Each structure stands twice: as C-alpha cells, then as structure tokens.
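Undergrad: Chains as they are written, first to last, in my numbering: chain A, 5 to 345; chain B, 5 to 345; chain C, 5 to 345; chain D, 5 to 345.
Hints listed in this document are in silico derivations from the structure and should not be mistaken for laboratory results.
One thing to keep in mind: the hints can contain errors.
Copies of the same chain look alike in the list, so a pair counts if it fits in one copy or across any two.
[Stated by the list, open to error] Okay, derived cross-link-like pairs now, DMTMM-like style, lysine to aspartate or glutamate, Cα gap no bigger than 25 Å in a straight line:
hint	residue 1	residue 2
1	K213	E176
2	K192	D65
3	K43	E194
4	K60	E222
From a predicted model like this one, the values you see are computed outputs, not experimental measurements.
Protein chains: 4
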Amino acid sequence: MKVGIVGASGYSGEVLVKLLLGHPHVTLAAVTSRSLAGKSLASVMPAVRGIDRGLKFVDSDLAALAASDLALYFLALPHGAAATYAKALVAAGKRVIDLSADFRISDLATYRNYYGEHHAPELLPSAHFVLPELSPPAWKQEARLVAAPGCYPTSILVPLVPLLKAGVVTREHIVANAYSGVSGAGRKVEEAYLYCERAESTKAYSLVKHRHLAEIEEQLALHTGAPVVIQFNPHLAPMRRGIATTITVPAAPGATVERLYAAWRAAYAGAAFVQLLPSGETPDTAHVVGTNRIDLAAVHDPRTGNFVITAAEDNLMKGASGQAVQIMNLWCGFPETAGLV
Amino acid sequence: MKVGIVGASGYSGEVLVKLLLGHPHVTLAAVTSRSLAGKSLASVMPAVRGIDRGLKFVDSDLAALAASDLALYFLALPHGAAATYAKALVAAGKRVIDLSADFRISDLATYRNYYGEHHAPELLPSAHFVLPELSPPAWKQEARLVAAPGCYPTSILVPLVPLLKAGVVTREHIVANAYSGVSGAGRKVEEAYLYCERAESTKAYSLVKHRHLAEIEEQLALHTGAPVVIQFNPHLAPMRRGIATTITVPAAPGATVERLYAAWRAAYAGAAFVQLLPSGETPDTAHVVGTNRIDLAAVHDPRTGNFVITAAEDNLMKGASGQAVQIMNLWCGFPETAGLV
Amino acid sequence: MKVGIVGASGYSGEVLVKLLLGHPHVTLAAVTSRSLAGKSLASVMPAVRGIDRGLKFVDSDLAALAASDLALYFLALPHGAAATYAKALVAAGKRVIDLSADFRISDLATYRNYYGEHHAPELLPSAHFVLPELSPPAWKQEARLVAAPGCYPTSILVPLVPLLKAGVVTREHIVANAYSGVSGAGRKVEEAYLYCERAESTKAYSLVKHRHLAEIEEQLALHTGAPVVIQFNPHLAPMRRGIATTITVPAAPGATVERLYAAWRAAYAGAAFVQLLPSGETPDTAHVVGTNRIDLAAVHDPRTGNFVITAAEDNLMKGASGQAVQIMNLWCGFPETAGLV
Amino acid sequence: MKVGIVGASGYSGEVLVKLLLGHPHVTLAAVTSRSLAGKSLASVMPAVRGIDRGLKFVDSDLAALAASDLALYFLALPHGAAATYAKALVAAGKRVIDLSADFRISDLATYRNYYGEHHAPELLPSAHFVLPELSPPAWKQEARLVAAPGCYPTSILVPLVPLLKAGVVTREHIVANAYSGVSGAGRKVEEAYLYCERAESTKAYSLVKHRHLAEIEEQLALHTGAPVVIQFNPHLAPMRRGIATTITVPAAPGATVERLYAAWRAAYAGAAFVQLLPSGETPDTAHVVGTNRIDLAAVHDPRTGNFVITAAEDNLMKGASGQAVQIMNLWCGFPETAGLV
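Model the full structure from these sequences, guided by the hints.
TA: Dropping the structure here:
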C-alpha cells in the first residue's frame, strides 16, 4: 500500500517520514513541501540518510496528489491549509489522516473562536477525531477523514476520560499543568525558540486560552456527556521532545487510588501504548521519548482530597506522528504496533 | 565585620562563598567543611579562582567557631546537623543565619512529622523565620537565630501571602506546580542526578508530602490567621538552576486582576527584589538566574474563575544564598542590596 | 536463535537490550546482572516498557550460562571481568561478542600497560577485533570470540584507515580531537557526572594517555603495515550521546580532496552505515544519534596543507551496541542491517 | 564619567549593559539600537530588571551621539557598521572601544579578503588592537580607537603568544580546535540556531577560513616577528556560553612542561584574569562562564613530542564584553578589575 505525506517540512513531518520509511506494510511514495520541492529527503532530514530510498520532496500539487495511485495521505500542514487538501483528497477517494487542528473540533463556532475561518466546514460532520485507545471502533469502517489528536490533548484525555466516565473524580476544579519540549512549537524560526533563549529556561505561556483547550474540553464533554471546564496551563521546558502533564483533580466521594487504577486497567486492558506505573512512581519524559507510549501514574492526597495524576509522552510520537501511524495501522487492518516498536 | 560559613561543600554553599567574597561590607573569614578541610577554596570551587584570597576550608570544629572573633555565621548544613551548630553558636553570642530547615518550622510536632528528631527544640520559640519582604521588621532587633526560607516556599509565599491577606483569592483549591533546576537536590551523588538521567527529562517527584509543604502551610497560616491547605506538586526540569512556579487559585468573589496587582503593589512597594510583570507576560527562570529577584505575573481566567499566578526565581539565590545575604544586610544595617546586584 | 547479554546494567547494555528485543532474527533469552538479579527489565529500563516480554535480570552465573541452549552471548561487562566470562563461554562452544576492551588489543604488553592484568591471555591470539567495514571477511568463518571496537576508535579508524592505505594522507602530525556525550563515561555515579557539573560544560580530559589510544594505534599499524602515532585529545560535551571527531592530518604530496573522497568511496561502496557528506558540510552528532551510522566529511586547507576530516556517530550505537549487533548479523548470516534501521 | 553603547541588541550588548550598570566608576548614560529605540532596557533585557535605572533604548543617531557629553562609546555593532560610527565619534573626540572586527586587522587587504569593503580604512593605522595581557602599555596614552579582540582569538593568543616568544613551542603544525557555546553566533534568528537544532548537537563549522583566522594569524605574526600559519577548527557545542580551546603544538627541542609554565608565569605574573591550572588538570567552560577569566593548562606528550594546551573562557566576557570593560578600566585609570569581579 502506497502512502504520502503532504507538507513534511516540520519536526512532526520528519518523524512521520522516518516511521513510514521503516514501516513493514506501507511504502512511502510521495513527500510534498512547497518550500523544499526538488531537494532530497536525505539533504533536509539527516536522520533518514541511508534509508531514504532516494526520495525527493515534490511540490504540493493538489491535482497531482488526487490523481495519484496512493491510497492514503497524511497531512502535516498548518491548520487552515490542511482543510483545503483534505477536501480535494477525500473527494478523490483517498483516505486522509490530518495532523492539524482543522478537523479535531466538531463544533464550527468553537473552531472559529480559537482558529478563525474554516475552509471545509462541510466535512466536519463526517470527520472522525480518533484517539485510538478511547474512540469506539466504528470509525474504522465509517471514516474517510480522520483527525489525529493534538499533543497536549492526548496527555490529558488518556488519563482523565476513563476516570470521569467511572465517576472516580469530580468534574470541577480540574487543573492540568503541562510541560512541553521546544519541538512542540514546531520548526518556527523566531527569537523565542533560539537555543540561547530556551536553554536553562522554564516558563508558562498562552495561559487561559491555549488553542488545544477547545479540543480538550470538547472531547471531555463528548466522552462524558456533559461539559467539563478545566484550567490548562502549558509551559515550555528546556528539552527537545516530551510532554510531562500533571493533573490535580478532586477525588469523587469515597474514591480511592485503587479504584482509580481499576478504572484505568479496565479502559486500557491490552492497550499496547498505555503503561500504568505503580502509584508513587512518576512518569518521566526521558523514558518515553522515541516511543509511542504514554505512561501514567496517580497518587491520592488525603490532606487535600485530590488525586494527582501524572502522564508523560513524546509530543512528536504519541502526541503527533506515532499516533497518526497507529491510526493508519488500525484503519488499514495492520497490527496496531506495526512500525512503532 | 567578619563572617563565616559552616558546611560550604554544596551548591548553595558555593554561591554563598562567592557572594560573601564580593560583599562590600563583610569579610569572609572562615569556611568550614569536614570533608574538604585543608583544601583551598579555589581548588574546590572553580568559580572563585582569583578572588578567593587564598582561603582554605577548615574543619567544622564547634569550640573553635564559638571562640572566634567572627560576628555572624551562615549554616549551610543538612537539616539535623544545623541545630547542633546553631545551639552552640547562639550560646556564644554569634548571630546565626541557618539555611537548613531546622528552624523554619515553629511547631515541633510538624517538624518531627516531616524531618524526624530535632536537636535543639528549646531554640524554636526564639528562632525567626525571615522572608524579608513579608516578615514584620521587629526581627531585626529581636533575633539571634534566623531561619532562611526554602526555595519552593519563597516562590509560593511571595506571590500568595499578600493575595490571601487582601482577600483577593480564596483559601481553597489552591494548586501550586513548581519546576526546579537540578541543583535544588543539592550536590547529591546519586544515579538519579547524573547528567544522562536528567538531561531532556521532566518529571514530578515527592508528590503529596514534600518536606517544604510543612513550611509553606505553616507560614500561610501564620500570615493569614487560619489554616491553608494546598496541593503542592514539585517537579524536576532539565536545567541547573531556577524555579518556575505556577499557582492556580480561585478568585475571591468580585476580585479582578487589577485588584490582584494592587495587592502586590501595596505589599511590595520599594521591594528591590520583587518584579511585577504585566498581566499576560510570564516569568522565565532564565531571566532571574544569577539574580536575587523573584518575578511575578498573573492572569484571570473568566471561564474557570481562577487566577493563574506565575513566579520565577533562582533557587540558589532568592531561594537560598542570595536571600540569606539579604537577611544579613537587613539585620546588620547594610543596604539591602549590598553584594547582591 | 537465542542470545543473551551478560552484564546489562549500563547505558550500552540498555541500548543492546532494546535492539535485541526488536531484532527480527534472534530472541533475547537471558539478561544477567549481579546487582539487578530478580528485577524486571521494565522496572530498570523504562525505554523497553511494553516490549520487554516480562524478562527479568538473572544472576551472572557462569556455569548456568555455559550450560544454557543460547547460541551467542554479548558481554557488556567492565574490562577485566569480561575475560573470565569469555573464557568459559567460548570453552562451552558459545559465540561471544565482547563489548569491553579485553580482546581489542592483540599485544599483551600493550594491554597490560593500559589496563593492567589480563585474565585470559591465552585467548588473545584467536580473538578477532572486528570493525565490520574494515575487517577482512575471513573472521566470519574463523571467529569464536569477537571484540567489538571502542567508541572513539570507531570514529577515528573508519575515516583514517582507507586514507592511510591509499596514501592520501601522511602518517605524521595526525591530531584527533573528539567530543563525546556524557554517556561515554558509562553509568558512573560520580560527582563529575552529575547534571549540574556537566550541563553547559565542555572540557578536555585524559589527555596524552586515554585507554582507547592503545586500540587506535594498534589497529592503524595492523591495517597500514607500520606504526602510526597520533595525538588523541578526548573531551566531554554537554549532551547525552554522540561523538564528534575532528582529525587534522597533512595531505600527502599532490593529494586532493577528490582523491580523498575517492579513497573513501572505494572503501565504503555499499556500506550501509557509512555516509559521506559533501566536502564543505560537516557531520552533526544530532543527526546520527539513534542510528548506527557514521557520517564523514573532509576539506583541504591550502594554507596549511592539511586535510580536516570530521566524523560523527552515536557512541552507544555505532560506537558500541549497534556495532555489536551489526557484527552478530554478519557472523550469523542475517542481513547486515537487521534490527538496526 | 558617562559612557554609552551603540547597538546593544545582541548577547554581548546585553552583557555589556549589565556590566556597565554595575560598574563603580562610570555611568551608563546612553544605549542605542535602531530596532529597539523607545523600548525600555528592562523590557528587552530581563537580566537587568530592577537595576536598569529606567533607561530606554535611543535611536543610533550619529550626530546626537557625537554631540553628547559622553566620554566613551562602546560599539557593539556588526562589522561594517562599526567603522562608520567609529569615524564620526573619534572625530568628535570621543574614546571608542569597538567590539566588532572592523579595526582588529591592521592590514587592509587581509580585512577585505575576510570581510569585504572597509568603511574607514584611514583609521586603521591609528587603531589599537588591545589584548590587555599582551599589548605593550603605550596604547593607554596613544589610543583614540581601540579594537577589542574576538572570542576565539583571545582563547588562542593568550596561551600561545608567550610560548612562541619564549621559543618553547615550534611555529609549525599548530592545530587549534575550539568549541563555542551557541551565543558565539550572536542573536541570529536562523533555523540553525533553534533550540531543537543545537541541543544535543556538536559539530564543526566554517573549517579552513573562519573570519577570526585573519586576526589570530596577524597577531601571532606581530607578536613573534614572523608569519605563523595555524589550523583553526571552530565547532558549536550545545551550551549557551563558553569556549573550550585545545591547541596541539610540537614542543621546541628540549622544551619541557616546566619551561612552558615558566613562560606563562613570566608573561602573566599579576594578571588578574589569567589562571594557570596545574599540568594534568583541564579548564572547564562551566568554571569560567560569568567571569572575565581565562583558565589555562598544558601537558607534554612524550610519544608525539607535542604540548597539548587547553584554555577556557566565557565568550561573552573575556571573549567580548568583559574584556572591553577591562580595556576601559586600563585606559581610564580605573582598577583593572573594577566592575568585573
């Protein structure tokens, strides 16, 4: 099966290229980038030197992509741009996995509030937001267009959804602090992302209205049947990759840490990419970077009545490209872990 | 005026040596360390090569220290050991500034609960916990023994105390997430603090019952007249120095971000080491490391009704040795900023 | 085919475990460690959580290892200890790939000069030092015990040997400066390797007589038929993995950079793990970490008459465990790149 | 005495601002920047918050600067731009210390070969290149325009010049490998200097013809009376500040490491900012960053006949702004170390 990547010039694009070049069941047949068209992958992405099969970037020509014999496209484009490509490729009968935010939010007003105009709103009703461990499996048959979740949302939804559904935690006073490696900002050439600005620097940013909040809260509501409002505090940490998220949430009356873990175990039995650490241990970004795993742990604080939940993932893997490949695997009937371990 | 440091082999000891060697009003006359006795400062602390005046470490001999002509001692010893030295030096009429936890907690039962046995409980009633920007000035006349605050507590008390006193925030559902550089663990030679373990790694640790919690909550209660229970989530970030603390706290009914800043301005008018950033900016550890400053900012989140407060300081300066020098300056009648800017 | 690792508690042991767990043609059936016996791999090596097949560390019992049905053992032990295990396992008919220095140096006096006593000198004549891209292929049939090269030696021998053999460079005035990530020191719990000591720190160490010098010069002499003495200056750089080596060597009379590249191309035609970058580019450790590649480039300086040769590799992959797996692949008739791309 | 800085938007400009704000004998009265005019120093340079005396950036208006009552200007401008300002300010009777390359090279043809057109060649004969520890003191009376040395040149000239003059080392086969923190590139907003590109990355760059070579070789020739050609290999290391330089140079016949150190001691007796470490130790960038020191050490290799010399400095202090302040101190009759310890 031949697949392609549209817009592969960023960090998640690079990881996706590497994963697909090493995938046992698909052939990466096209990699597009307006700015890099004509260059070899090996010259732009040193990580793939020697395994790049001589591939070159091609221009992101919509008609050519639609007319090709490729069966599936990953869109690693900025939000806004992705919608246009998704529209044409879906119309041409291609499967599309979109890594941008364009189809993560089903409510158009919410999308506009956070991102501005939408270029293919007519696709929203049929697009599927797929977080593989949480989404009911019907999407595998129904979907033509899948939105892969954002990095922060994955690190919050995976731990929280089963607990809210099981009634182990309250819906109020939820506080999620997340610390992301600098690659979370993409390959933006701005002063704020220079080595000398970020090394030895930790700071909060985009407090109150980070764009991922829209997606987090919509998914929490869809999964649990009622609105959930959370305090989401994103931060930059001086590392390249990884997200460490710490969630404070009041325990439901009578809930224990054992019940919390039981809810997780029920939700994630057999989940290859969710690892539960014993209560008292804490996930570490360094332990998950380069893998598609998300590690979880929790403790109960009898003084405050809160659970403190910790999660760690690689923002470019489980938080982006690894999860997109996992989605492809499930969608196309490959083993879920193919190309990911 | 001659001063000495007892137990200067750690990171805060090293910073303290450097500050005192450059201080315009005191002479660093003795630096003790059991393990380093006989070695030159320059050989152990490369940062002071060329300004070390040929000083050597001497043994931590209690009788000799008590009999010396030094007027003031800083104790940079582990908790437990500090109490013994404090007792003898205070008895000998020396002023003592203790950087350990031994005299930070006035309640003996709380101390024992968090730290174990206390070796000089009879000194607790007369010891002064001094956070210069918050402590009523009478300590300058009364004190013989001063406890300098811990690094995390400083980053939480400075922003929170004026807001609790002014009634701008509630006393409940306070969540403080703090991210510390690795020097916060001291110069511990353990696998967890190796370069290869900590680089590119962010993780929570000591959730639920970190030792600094005792000091934070006792001070919050003393300053505000009633118990305050907080969720304190400490983390390690991959940097050498610096603490970034993010506090989520429900706004009191009707409170605005303007009132919050007004409370801060009232509390910190003229405070040389507290900088208020405009709401919307966020403090950055990289901007305060090497200084004795703490930078503060806050935003209001109309969706959750919370304030999100951010603070950054250098854990070895405002969080330890810089603050100890600031205390000395105030105690001895030197300009508050002497040797610190 | 079942394989085992003896002494897997260090960083290269961890990488080796990960590579063998993912290898398509072998089953990792035993992992030994005196200090970790009884613990699960997943608890000690978080990178393999979820792919560890429930393996536990077992004690390093020589008799049991010799009596097992495993066909091949990797020794990831300190030098000295490795010789004893090699002796017993070779006697039991096992294939042995030793990652230590014990069998890298064929001259016993040289070994003793650099490392001290040798515990199995009788094996030295039949041991094979195998750098896959340089060693004549007869070892695949003849060997029972293979010494995998050191990290620094690989980064110097791969670029230099073909040039010395082709007469493109002189044998004199060779200067090799190498900058290694901190994992090169192994998982040593010493103050020098603490995060706060190594972050933001670059320095030379072990000048004049680093142990790898013995191996580098013996191999240069064996490959080129005459002694070669080089200046080898190792350094520590503030990164976890990677070696960047810069070699200055006078060009032979009339030699050009084109002839230099021609010599490399002749030597490494078809070599999957040697990448030649165009003259003017320079290899970057960040581009090879996580791969088994070594990237090479060179420029000619008409002012000095020197070539400046640059190389980059991952010290734990091509410099240790990746190369050991490559050796196994060639020895056992697997594809050379199996489990390595 | 009032001083000003022209073009203070870069990293060395920021360090210079900080040094001058804390200097006991001068008042920083003007800081110019075209791009930042009108902004407060505190908003742009967080390190000086609280000590910035309310200063704002002003436009770099040549006429206004020349007409001011300031006695001395530092030029922290890009090469090319500096010459124009130097010309006007010198003509107006101001003292000028230029941190750019414009007046470091006395030979116009060499300047043009490395940098292109020169905008004030008529000033070259009277400009003084001042490396305080090496320059004969007459410049203090004669100079109107001083060129402060580059970062790499300082780290090579300080160790080498006394050894060449004393005949302890040969003039041939000198190889200098230098590893610089990323701030050495200035605050360039380019992809190559992003955090994610430079973290965990070491690589050589600008081999063969780095611009600093012109200055290094001209000074070596001027100090020693004959041309010296060296191999200079600059590298980027993953740290913010610091240069670690390792120089390999054949010992002169009969020279010993004792004679080498004797030559250094003779040259640097009383030099506050040159520290000689015992042979066998090696300077560490982490030990000098934040200071104006350069640390030196050397070993002799009996196998190769070379000395291996190691040096470490802070590229923004002794390699730029600290050295510029040291020059001002000497020029204006202040204590050499004023504002620098």
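Undergrad: Any of the earlier hints contradicted here, and which numbers?
TA: Hint check: 4 fails alone, others pass.
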